[in-house]
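So the sequence lines, in the order shown, correspond to chains H and U. Each step along the first sequence adds one to the number in full-length UniProt numbering, with nothing skipped, and position 56 is 56. Each step along the second sequence adds one to the number in full-length UniProt numbering, with nothing skipped, and position 306 is 306.
Please keep in mind that the hints were generated in silico from the structure rather than gathered at the bench. One thing to keep in mind: the hints can contain errors.
[What the hints assert, rightly or not] Here are some chain H residues the structure puts well away from chain U; computed CB gaps all over 12 Å: (1) ALA60; (2) TRP129; (3) GLY270.
[Said to hold, decoys possible] What follows is a set of in silico ranges between Cβ atoms, one per label pair, in the way DEER data are often shown: (4) GLY190(H) x ARG114(U): 43 to 49 Å; (5) ALA77(U) x LEU282(H): 39 to 45 Å; (6) THR189(U) x ARG355(H): 39 to 45 Å.
Every residue gets a Cβ at the ideal spot worked out from N, C-alpha and C, and that includes glycine.
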Amino acid sequence: MILALIAIAALLLPLPFLGVAPNRLLPGEGVSALDAAGFWVAVPVVLLALGAWRRLPGWAGAAAAALGVVAVLGLAGAAANDRLADLAPAARASFGAGFWVAIVAGLSLVAMRGAWMGLAVAVGAAVLWAMGGLDRLSLVVEATARADALQSAIWTHLALAGAALALALLVAVPLAWAGFRRPRLGAVMGAALSGVQVVPAIALFALLIPLLAALLRAVPALRDLGLGAVGWLPAVLATAAYLALPLWRSLSGGLASADPAAVQAAEAMGMTEGRILAEVRLPLALPVFAGGLRVAVVQAIGLVTLGGLVGAGGLGAVVFEGLSQFATDLMLLGALPILLLALAADTLARAAENRLARPA
Amino acid sequence: MIAQPVIAIEGVTVRFGTTDALRDVTLHVKAGEFCALVGPSGSGKSTLMRLVNRLVVPSAGQVRVRGQDVATLPAPALRRSIGYAMQSVGLFPHRTVAENIGTVPRLLGWDAPRIARRVEELLALLRLDPAMGVRLPRALSGGQAQRVGIARALAADPDILLMDEPFGAVDPITRRELRAETRRIHAETGKTILLVTHDPEEALELASHVVVLRDGRIEADGAPADLVAPDAAPFVRELLGGGQPGLRWLSLLPARGALDPRPAPVGAAMLARNASLADALSVLAESGDEALGMEGEKGSVRAEGILGARR
Ligand SMILES: Nc1ncnc2c1ncn2[C@@H]1O[C@H](COP(=O)(O)OP(=O)(O)OP(=O)(O)O)[C@@H](O)[C@H]1O
Ligand SMILES: [Mg+2]
Chain H
1 MILALIAIAA LLLPLPFLGV APNRLLPGEG VSALDAAGFW VAVPVVLLAL GAWRRLPGWA
61 GAAAAALGVV AVLGLAGAAA NDRLADLAPA ARASFGAGFW VAIVAGLSLV AMRGAWMGLA
121 VAVGAAVLWA MGGLDRLSLV VEATARADAL QSAIWTHLAL AGAALALALL VAVPLAWAGF
181 RRPRLGAVMG AALSGVQVVP AIALFALLIP LLAALLRAVP ALRDLGLGAV GWLPAVLATA
241 AYLALPLWRS LSGGLASADP AAVQAAEAMG MTEGRILAEV RLPLALPVFA GGLRVAVVQA
301 IGLVTLGGLV GAGGLGAVVF EGLSQFATDL MLLGALPILL LALAADTLAR AAENRLARPA
Chain U
1 MIAQPVIAIE GVTVRFGTTD ALRDVTLHVK AGEFCALVGP SGSGKSTLMR LVNRLVVPSA
61 GQVRVRGQDV ATLPAPALRR SIGYAMQSVG LFPHRTVAEN IGTVPRLLGW DAPRIARRVE
121 ELLALLRLDP AMGVRLPRAL SGGQAQRVGI ARALAADPDI LLMDEPFGAV DPITRRELRA
181 ETRRIHAETG KTILLVTHDP EEALELASHV VVLRDGRIEA DGAPADLVAP DAAPFVRELL
241 GGGQPGLRWL SLLPARGALD PRPAPVGAAM LARNASLADA LSVLAESGDE ALGMEGEKGS
301 VRAEGILGAR R
């Protein structure tokens with residue numbers, strides 16, 4: 001209810017909905033939603049109000065809110081097409097505060113009433129984009145101009161996150177097993193891995209560069225393997241160091257969570273230690289481990305962004321390029337896909353987790 | 001040739017940290033014997049039982065199963081050859097009832113159809129609905145879970161069966177049925193059974209050999225009737241006697257042993273041939289007769305004969 005009010009207020013009040021500037025470096029002039037779209041503002045306003053209406057069942061409310069969000073986006077796109085029609089091609093239309101407030105409040109409303117309708121928002125946005133409805137928005141202009149670079153940044157980003165996750169698993173799995181067999185060792189590991197979390201991420205990324213440089217000087221043969229003090233190596237190492245804790249903790253917790261009577265029964269039935277692990281301990285640990293894995297995946301996608309600072313590329317590089325140029329659209333171009341990837345990973349992992357939680 | 005005991009525990013002490021769960025315990029169980037372990041909580045019954053499949057390792061002494069020192073046998077093979085129904089049941093929560101029951105056969109490499117047939121047999125034997133096979137343990141009542149635990153112990157048809165308070169959570173009627181079922185399994189298969197129970201009646205009724213434990217030591221070891229006889233140790237009589245050790249003793253002695261050569265009066269109540277002295281006393285009390293007859297016997301059973309058991 002309050003979310004819908006906020007979104008509607010953002011559309012009706014004289015807040016800058018769109019900023020129109022002669023080129024991408026000059027500051028723009030704010031245009032409110034009413035000025036930009038006239039009575040068409042009523043479309044998203046009505047849809048968002050319907051989205052908050054309690055009488056509607058959840059799915060219908062979520063659908064109305066989702067359509068409302070798409071309508072806000074469409075309005076912005078149409079207004080940009082309209083306002084820039086007589087201006088030079090260098091002119092830009094970027095999103096203003098009113099737009100952001102309306103979009104964020106609208107999306108929150110969707111999430112509240114039926115999160116899976118988020119998919120409808122994505123489809124609606126894609127349709128608008130495909131039909132050219134968003135073409136003059138600065139963000140879209142930027143994305144089109146950099147489509148290839150952006151695509152390769154996304155793949156690099158995913159590869160970095162995947163590598164960090166694999167490395168963290170490679171470390172966390174044996175550590176968790178060792179700590180499980182020797183609880184005192186486990187306590188030491190817990191302390192060490194938690195210690196890593198205390199180091200600010202940026203500091204750890206930066207710290208790795210001189211450390212790796214020293215290592216490479218000491219063992220030049222490593223250079224021949226394609227390892228470098230800057231680039232993907234510090235990004236993967238630092239991210240993996242952070243991921244190790246959630247993975248290790250959930251694995252240890254999962255292993256410890258197995259019903260002792262079931263483990264004892266397995267032993268009494270004549271299972272060997274390996275079989276007990278494979279048939280009893282791991283299956284019983286899986287639901288707990290899945291939670292840790294989900295956290296780690298989402299963290300990996302976020303943390304790898306800092307790889308942009310150490311020359312690893314990925315979406316982080318796009319974000320930091322935007323930051324250094326004060327180019328908001330460029331920043332968004334890097335940040336939005338990170339957000340979407342993290343959300344998608346979280347949703348998928350959560351679904352998998354729920355399936356694991358109630359087998360057969 | 002002297003028959004080898006199938007389970008031989010020789011001078012075993014089990015120490016957990018500073019406490020001794022068992023102290024210098026010696027126990028022999030012959031093949032085909034039904035042996036009940038009784039004793040107060042914490043007296044070492046479960047520990048004694050777990051020596052047999054090497055879940056507990058003696059601090060001193062030796063455990064032999066089928067003539068072989070268990071310390072020299074590979075533990076998994078030993079355990080697969082011995083059925084064990086645990087006190088805590090310990091069903092695998094992520095496996096169905098059928099999968100739980102089929103555990104040991106699967107470990108032994110039986111093929112799937114044979115396991116399925118066996119599971120079906122066992123569900124029927126333990127009076128569990130065949131449709132229950134697909135359920136997960138959390139969907140079972142406590143008593144049903146215990147029965148699945150017993151079925152799992154029986155699955156590979158082991159010649160030695162360890163049962164640690166297997167009927168604790170079932171209702172009295174099912175409990176009686178399961179008791180009868182256990183007796184039948186024992187009679188038909190000649191398995192060696194070691195049973196822990198807190199119910200003295202159950203121990204005396206089922207077992208041919210009762211072992212009383214107290215503070216990790218064997219307090220008494222013998223035939224049921226001897227352990228409640230008037231000359232047995234007071235602790236044992238109290239533990240097993242259920243407040244009326246005399247009556248319980250009579251219930252373990254056959255009425256046939258008190259037959260009197262005098263014939264029974266015409267029209268006197270008749271006892272079955274396997275009646276106990278307690279049964280005879282009960283019929284006497286009810287009928288008010290002086291003497292009872294016995295099917296297929298000429299003599300009679302009289303009050304003075306029953307009460308003369310002591311002599
Ligand atoms: N794994 C263990 N570690 C330490 N102490 C143990 C262990 N297992 C048993 N004990 C101790 O050994 C003693 C005997 O235990 P046991 O389980 O054999 O008793 P029990 O006769 O089966 O009792 P209950 O009737 O309550 O099941 C108890 O004092 C118990 O606390
Ligand atoms: Mg016990």
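To see whether the hints hold, each was checked on the structure:
Separation of ALA60(H) from chain U is adequate, the least Cβ-Cβ distance of about 36 Å exceeding the 12 Å criterion. At roughly 46 Å, the least C-beta separation between TRP129(H) and chain U is larger than 12 Å, which holds for a residue marked as non-interface. The beta carbon of GLY270(H) is not kept farther than 12 Å from every beta carbon of chain U, the shortest such distance being approximately 4 Å. Hint check: GLY190(H) to ARG114(U), Cβ distance near 47 Å, so the stated range 43 to 49 Å holds.
In this structure, ALA77(U) and LEU282(H) break the distance hint of 39 to 45 Å, their C-beta atoms being roughly 24 Å apart. Taking 39 to 45 Å as the suggested C-beta distance range, the pair THR189(U) and ARG355(H) conforms, at roughly 43 Å.
Hints 3, 5 from the earlier list are contradicted by this structure; the remaining hints agree with it.
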